[in-house]
Amino acid sequence: MTVIFYVPRDSGALALGADKVARFLQAEIDTRNLDARIVRNGSRGMYWLEPMVEVDTPNGRIAYGPVKASDVAALLDNGMAEGGVHPLWLGLTDHHPFLAKQTRLTFARCGITDPVSLEDYRAHDGLKGLENALKLTPAEIVAQVTESGLRGRGGAGFPTGIKWKTVLETTGSQKYIVCNADEGDSGTFADRMIMEGDPFVLIEGMTIAGIAVGATKGYIYTRSEYPHAIAVMNEALQIAREGGVLGPSVLGSAYAFDIEVRVGAGAYVCGEETALLESLEGRRGIVRAKPPLPAHKGLFGKPTVINNVISLASVPVILDKGAPFYKDFGMGRSRGTIPLQIAGNVKYGGLFEAAFGLTLGEIVDDIGGGTATGRPVKAVQVGGPLGAYFPRELFDTPFDYEAFAAKDGLIGHAGLVVFDDSVDMLKQARFAMEFCAIESCGKCTPCRIGSTRGVEVVDRLSANIEPDKQIEVLTDLCNTMKFGSLCALGGFTPYPVMSALTHFPEDFRPAPIAVAAE
Amino acid sequence: MQSASTDIASRAIGIIDQLKGKEGPLLPILHELQDEFGYVPPETLPLIAQALNISRAEVHGVFTFYHDYRDHPAGRHVLKLCRAEACQSMGGDALADRARQLLGIDWHGTTADGAVTLEPVYCLGLCACAPAAMLDDEVIGRLDAEQLEEIAAEVRL
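From first to last, the protein sequence lines stand for chains A and B.
No gaps in the numbering here: position 360 of the first sequence is 360 in this note's numbering, and each next residue is one more.
No gaps in the numbering here: position 130 of the second sequence is 130 in this note's numbering, and each next residue is one more.
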């Protein structure tokens, strides 16, 4: 019986040496003449254990990690092929508390299957959603997605089903499905993990979307910073074409659908949907005024569904298990699961998919285990560079679109960046303004000019020049940017700035230089 | 014998012709040109404009809008250091300062010997193993000062 080892090809694992581990393992297999092969899987999302090597045993998969190339020989000496014990032995992967506590719906296969094996995908419930969709009318598919309560996972939280319905009901000689895989928010990597670890689920979700709204062409717009995701995605697309999932007849049906990967060129603002469409059309990534909505006039002026990777990758499970199944998870108007990305200065960083409703404290302290440096947590930025900094006092906030909005924050793409007490919040506020200035598309004044003025005001504040006045100007400037900007870049930059100022006022008041008493 | 500029033009025209039939071909063309030459030679911009029937200004605008495209060759290696929040939380700023010091260049600069170009990058999606970097096509997680020194020495070999 051939032993199967798993060594991830996920970028995070590669960044920690997975390729070298795989090379050493293969060399040992050859030298020892073992009947074994290596599968390059996605990541399970436990990055403090990467590179995490697994082996299939009759009792299930056993994990070892973090494995260095120099550990490989000793692991095999200790019987890794049979799941033998070694200091790096982690036991049954599925029983690891970080995984056992999760509800993996969107990420059900990520890290388990070979990302570029369509047989593996089918064997793990892949394509069931698409097969079900093919038995329904387009309107019925849209109704299922609406009923599931799925909302845009890119950050805006707009109901996916409503968007699809608009495109379905709009006539057009050509319609498009555009997948927004321009995952530029710091602290987020869920899109990358899906593209590298389970690309077929995205292909399936986009194909279902195409059938539902009458689109025959899909684009995945992703980042040049994600070379591995691009490579895996392109490989999977070719396999999907050869396997009859994509092409003139989707799974033998009368529907045609195909997908192409397009790569951005290092512009953060292209994650904004209308700037993304401009970029896809071959122009500068300048934000469009809305209306018209992309659903009416999107890519090349045609009706277009534009959804985030995770929104689209959540569709197959909804069509497979039904809208009520998905809707059963979550709280309030946030239904289903959300892949939390726990990052930054955190002990157990990684991807944790769970139903909405965990509190920020549970996520950071219990799941994330506090900081990696062992110092107290001072702030957590939730939702990327445009998200608010949360202090410990707000750790009871449940992870839910509305609950975060009520605390002047946003969940965004569900990335959480943890900072310890060495962080200077004035510096972080400055960075938010600086980042906005670097990445502004330049179309609207509040964002283009406001961000540069913002950096200047914060600099004066840190130089302790009339601090009261600067705080007043900064607050006023944030108000102008929030309400006067065309898109979320200028509109949301005030979130990190104002949350830093509101929750950490001490960092904005440098201690006055002590005047010696005469 | 062909002059260097005619050679660039003919290779560029080959790339443009191959891609101009795509929907929205401009970014794919610019990417391919940069892959081919290591930068987008300025003399190719008018060729693109002509082939796509758009103005030179339009092509120039797109070329200069995106951070990725270069108008001159980079060093033999390109080191990208992530400057975004998750990497900041793990000491990325200090590493970035150290990198500039070790290489003796600022952001977007290339060492005098042409060995390496230093670029800032805003997120590589390696936020759970920060600080992150990319050396050419190789991704690097949990970068530390020691590793950075090794890289700085290696790229100059």
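Accuracy of the hints is not assured; some may be wrong.
Stated by the list, open to error - Okay, derived cross-link-like pairs now, DMTMM-like style, lysine to aspartate or glutamate, Cα gap no bigger than 25 Å in a straight line:
(1) A:Lys-482 x A:Glu-472
(2) B:Lys-22 x A:Glu-260
(3) B:Lys-20 x A:Asp-365
(4) A:Lys-427 x B:Asp-93
(5) B:Lys-22 x A:Asp-258
(6) A:Lys-68 x B:Asp-106
(7) A:Lys-217 x B:Asp-17
(8) A:Lys-217 x B:Glu-32
(9) B:Lys-22 x A:Glu-235
(10) A:Lys-68 x B:Asp-136
(11) A:Lys-20 x B:Glu-150
(12) A:Lys-20 x B:Asp-106
(13) A:Lys-68 x B:Glu-149
(14) A:Lys-68 x B:Glu-23
(15) A:Lys-68 x B:Asp-17
(16) A:Lys-290 x B:Glu-58
(17) A:Lys-427 x B:Asp-106
(18) A:Lys-347 x B:Glu-146
(19) A:Lys-20 x B:Glu-32
(20) A:Lys-347 x A:Asp-396
(21) A:Lys-68 x B:Glu-150
(22) A:Lys-20 x B:Asp-137
(23) A:Lys-302 x B:Asp-93
(24) A:Lys-347 x A:Asp-328
(25) A:Lys-297 x A:Glu-140
(26) A:Lys-20 x B:Asp-17
(27) B:Lys-20 x A:Glu-281
Said to hold, decoys possible - Distance windows between CB atoms, simulated:
(28) B:Glu-43 x A:Glu-140: 51 to 57 Å
(29) B:Gln-50 x A:Thr-103: 54 to 60 Å
(30) B:Ser-10 x A:Lys-427: 46 to 52 Å
(31) B:Thr-64 x A:Gly-369: 43 to 49 Å
Hint data in this document are derived by calculation from the structure and do not stem from the laboratory.
Note that CB positions come from ideal geometry on N, CA and C, so glycine has one too.
Hints, one by one, checked against the model:
1. A:Lys-482 x A:Glu-472: 15 Å, holds
2. B:Lys-22 x A:Glu-260: It holds: about 11 Å lies between the C-alpha atoms, which stays within 25 Å.
3. B:Lys-20 x A:Asp-365: 53 Å, violated
4. A:Lys-427 x B:Asp-93: 11 Å, holds
5. B:Lys-22 x A:Asp-258: Answer holds: Lys-22 of chain B to Asp-258 of chain A is near 14 Å, not above 25 Å.
6. A:Lys-68 x B:Asp-106: This hinted pair is violated, its Cα atoms lying about 34 Å apart.
7. A:Lys-217 x B:Asp-17: It holds: about 22 Å lies between the C-alpha atoms, which stays within 25 Å.
8. A:Lys-217 x B:Glu-32: 23 Å, holds
9. B:Lys-22 x A:Glu-235: Holds, at about 20 Å.
10. A:Lys-68 x B:Asp-136: 22 Å, holds
11. A:Lys-20 x B:Glu-150: Status holds; Cα separation ~18 Å.
12. A:Lys-20 x B:Asp-106: 32 Å, violated
13. A:Lys-68 x B:Glu-149: 21 Å, holds
14. A:Lys-68 x B:Glu-23: Between Lys-68 of chain A and Glu-23 of chain B the Cα gap is close to 45 Å, so the pair fails against 25 Å, i.e. violated.
15. A:Lys-68 x B:Asp-17: 47 Å, violated
16. A:Lys-290 x B:Glu-58: This hinted pair holds, its Cα atoms lying about 23 Å apart.
17. A:Lys-427 x B:Asp-106: 20 Å, holds
18. A:Lys-347 x B:Glu-146: OK: Lys-347 of chain A and Glu-146 of chain B at ~21 Å, within 25 Å.
19. A:Lys-20 x B:Glu-32: The given pair, whose Cα atoms are some 30 Å apart, is violated under the 25 Å limit.
20. A:Lys-347 x A:Asp-396: Holds, at roughly 20 Å.
21. A:Lys-68 x B:Glu-150: It holds: about 18 Å lies between the C-alpha atoms, which stays within 25 Å.
22. A:Lys-20 x B:Asp-137: Measuring from Cα to Cα gives roughly 15 Å; hence the hint holds.
23. A:Lys-302 x B:Asp-93: 44 Å, violated
24. A:Lys-347 x A:Asp-328: Status violated; Cα separation ~31 Å.
25. A:Lys-297 x A:Glu-140: 24 Å, holds
26. A:Lys-20 x B:Asp-17: Cα-Cα ~40 Å, so violated.
27. B:Lys-20 x A:Glu-281: 12 Å, holds
28. B:Glu-43 x A:Glu-140: 51 to 57 Å: Distance hint for Glu-43 of chain B, Glu-140 of chain A holds at roughly 56 Å.
29. B:Gln-50 x A:Thr-103: 54 to 60 Å: 55 Å, holds
30. B:Ser-10 x A:Lys-427: 46 to 52 Å: Holds, at about 51 Å.
31. B:Thr-64 x A:Gly-369: 43 to 49 Å: Taking Cβ atoms as reference, Thr-64 of chain B and Gly-369 of chain A lie about 45 Å apart, which means the hint holds.
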